[in-house]
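The sequence shown lines up with residues -21 to -1, 1 to 86 when you count with mature numbering (1 follows the signal peptide of the UniProt record, and there is no 0).
Read the hints as simulated data drawn from the structure, not as lab findings. For glycine and all other residues, C-beta sits at the position ideal for the given N, C-alpha and C. Fair warning: there could be bad hints in the mix.
As the list claims (entries may be wrong) - Straight-line C-alpha distance at most 25 Å; calculated SDA-like pairs for lysine to any residue:
hint: 1; residue 1: 5; residue 2: 61
hint: 2; residue 1: 63; residue 2: 48
hint: 3; residue 1: 63; residue 2: 52
hint: 4; residue 1: 80; residue 2: 67
hint: 5; residue 1: 80; residue 2: 61
hint: 6; residue 1: 80; residue 2: 4
As the list claims (entries may be wrong) - If you anchor each label on the Cβ, the simulated ranges turn out as follows:
hint: 7; residue 1: -17; residue 2: 66; range: 27 to 35 Å
hint: 8; residue 1: -19; residue 2: 64; range: 48 to 56 Å
hint: 9; residue 1: 67; residue 2: -17; range: 39 to 47 Å
hint: 10; residue 1: 65; residue 2: 11; range: 28 to 36 Å
hint: 11; residue 1: -17; residue 2: 10; range: 27 to 35 Å
hint: 12; residue 1: 7; residue 2: 66; range: 20 to 28 Å
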Amino acid sequence: MKFIKYIIFIVFVTAALSGCAVKNDKTELQGVGLTYKSEVRALENGTLYVEVEAAPGAGRERGSINSALSIAGDYCLSFGKGVKQLSIETDSHLLVNSVAKLTFECV
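Let the sequences and hints guide you as you build the complete structure.
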């Protein structure tokens, strides 16, 4: 009985701490971990912005960067253009997941 209470406690704590650091428009399984992806957004200065959070099983920092670049590439390709990366920043969330924030233009 104590074991079941312990498992229930762990599940609730994990759920409480699993909030996303990005605007989660799409969640996908990548490798053996999850990625949380935002949609491409236009910034006031005319550039575009996307952010991705990746768990360790999804490649953590490299996984978040690759996913952000892939989203940008697909977005620009839909207009018959290529991606010009302006900046990319990485951060961590919950000391485990990596967050990539990509600013780009379609050229």
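Consistency of the hints with the structure:
1. 5 x 61: holds (23 Å)
2. 63 x 48: holds (10 Å)
3. 63 x 52: holds (9 Å)
4. 80 x 67: holds (5 Å)
5. 80 x 61: holds (18 Å)
6. 80 x 4: holds (15 Å)
7. -17 x 66: 27 to 35 Å: violated (47 Å)
8. -19 x 64: 48 to 56 Å: holds (50 Å)
9. 67 x -17: 39 to 47 Å: holds (44 Å)
10. 65 x 11: 28 to 36 Å: holds (32 Å)
11. -17 x 10: 27 to 35 Å: Given range 27 to 35 Å: holds, Cβ gap about 32 Å.
12. 7 x 66: 20 to 28 Å: holds (24 Å)
Taken one by one, the earlier hints fail for this structure only at number 7.
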